[in-house]
Amino acid sequence: MLIQTENLTRHYTIGTYVVQALRGVSLAIENGEYIAITGPSGSGKSTLMHLLGCLDLPTSGKYLLSNTDVTSLSDLELSRLRNQSIGFVFQTFNLLPRVTVMKNVELPLLYAGIDSRIRNEKIEAILERVGLAHRKTHCPNELSGGEMQRVAVARALINNPQVVFADEPTGNLDSKTGKEIMTLFNEIAQEGNTIILVTHDPNIAGYARRQIKMLDGQILEDTK
Amino acid sequence: MTIKDLISSSFNILRTHRLRSFLTILGIVIGVMTIIAILSLVQGLNRSVEEQIQSLGSNTIFVQRFSWGTGRMDIQEIAKRKEITIDDAWAIARLPAVDKVAPQRNANISSLNYQGRTAKQVEVTGSTPDLQYTTNYSIESGRFINQEDYNRKGQVCCVGGYIVDNLFPTEDPVGKYININGKRTLIIGVLGRKGSFFGQSQDNVIIIPLSTFNKIFPKPIGMQAVFSGISIQVLPKSAKHLEPAIDQIRELMRRRRGLGYDKPDDFGINTQESLREIYKNISNIAFIVMIGVAAISLLVGGIGIMNIMLVAVSERTREIGLRKAVGASTRNILYQFLFEAVMLSIIGGIIGTLLGVGIGKIVSAVSPLSAAVPVWTVFLGIGFSAAVGIFFGIYPANRAAQLNPIDALRYE
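Chains as they are written, first to last, in the numbering used here: chain H, 1 to 224; chain W, 1001 to 1412.
Errors might be hidden in some of the hints.
[What the hints assert, rightly or not] Taking lysine-lysine and the DSS-like style, the derived pairs with C-alpha atoms no more than 25 Å apart in a straight line are: (1) K1004(W) with K122(H); (2) K1004(W) with K103(H); (3) K1120(W) with K1183(W); (4) K179(H) with K136(H); (5) K1100(W) with K1237(W); (6) K1004(W) with K136(H); (7) K1240(W) with K1100(W); (8) K1219(W) with K1082(W); (9) K1153(W) with K1100(W).
Hints in this document: simulated from the structure, not taken from any laboratory.
Make a model of the complete structure from these sequences and hints.
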């Protein structure tokens, strides 16, 4: 079992008002699954992704990632987990603007403390994989949206994570480019990677093999 | 992340914001530049002052009506004191710890002429032959004044290099006559050069026998006498005899001046050490004031760095969120921003050090002051700036490090 949650809740306090973003989510995800978490805005899907992605800790409940209890980890251990086990692809790409494609993809390797010779080999390989080998010395402002998202995908995959989270990965792309990116995700999934898409778009969710629908901080439907 | 990666990523960021980085480090540059320039000039000054003090004759004691010092001088009181006399000098000469004694008087003549050429502001010293030993004079040509010159009140003199340069640029002055206060005086010797001190030539002197001096210069009266009366230069038998000599002179002078045991000294026994004290007092005050100014400038520079780092943290909030998402720990982010601040300030420190050294060199090239740059001042300048970077960088860096990754990623 890769991911296992039990009764996960997350409350935010805004002034005196308490927002119950998640109200008891129990979920099990196997290695190699291709999942879409869907739901309207405010349904709690982003909050769930942040918790599963170890960017945030739950108010209550249990979260095991590869049988490790994430809620008991320190800041340092959480950051190591994000570095080694988790990859993120964001709607707005979130590339560092003034450095090259190579340097952007290198970032997780730097925090992993990997030797520069091995870093370069890995970067070459992953850029080849996402079809950007010819763009490696360009800066993000010289790339198209699709290319930027490919850089982000390369960055998410560079440390061979156990799970890749993609938060509205096609939200800033036109439909043709969006399709190309989803094709890339399909290929990556076929290679055995675990992918969790977060989207409100049913068409995008359709690419995944398993759908988890959320509403009001709870799982409404799981096609498992 | 290794140090090398940190350095290259910080450099990248500083390079992309060149103008901003430059303006940010300006405060540090000015602060460090001031510190280094001051230190190098003070060092140079210390060295040349020390040389000058040494050139007075290393163990020479000066017996005068007043003590040297930086405190308030009560001139009215000093004027009432008994004069130092030539007989005092001869009495001192008989003390066991004393080797040579030279009583002297000084006067200034505004201009000295020879065949249409002029030397201005010449110091005339009337003394005895032993002055050569108490003041460390060497003789370039001719001879120093001797006992016979003194006994017969001879119209003879020795002249310094400045007078040779101005009055006898092409000829040998020995054997020529110059007019001192209306008296035709034969030049019998040329003194070895002592160089200049604070831009003022030390070779602008004429030495004549004290007996001759008393004949051609009127006895000073009133306030004038306070500073132009007789003073006595005393050379002890050796460095070891300096302290005993001072004690013996004090005892002798108190007796000769009839001072009761409860009365304070009404004369001064001055040494090189008193000069060093004066110089130290003056230069320490100047030094502290200037270092204070430089410290304020470093403080302002540090605040500039803190300000710009806070701007950078808010500009790069999304980047911080992303870095955390891909595995940067709180400490990684802290180090990254701290490193940038320190790098800014160290670059400022290096530029400031170079400029400071340059200013020192320029000042010593165009002015009589000399500059010396000891290696430690360079380390001090760069070390100081690094400390400023750490001190003022820690707060912005900590703010960056504490950002919540989710909020940071959402930040617009």
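The hints, checked one at a time:
no., hint, result
1, K1004(W) with K122(H), "holds (19 Å)"
2, K1004(W) with K103(H), "holds (14 Å)"
3, K1120(W) with K1183(W), "holds (18 Å)"
4, K179(H) with K136(H), "holds (23 Å)"
5, K1100(W) with K1237(W), "holds (8 Å)"
6, K1004(W) with K136(H), "holds (21 Å)"
7, K1240(W) with K1100(W), "holds (15 Å)"
8, K1219(W) with K1082(W), "holds (15 Å)"
9, K1153(W) with K1100(W), "holds (21 Å)"
Of the numbered hints stated above, none is contradicted by the structure.
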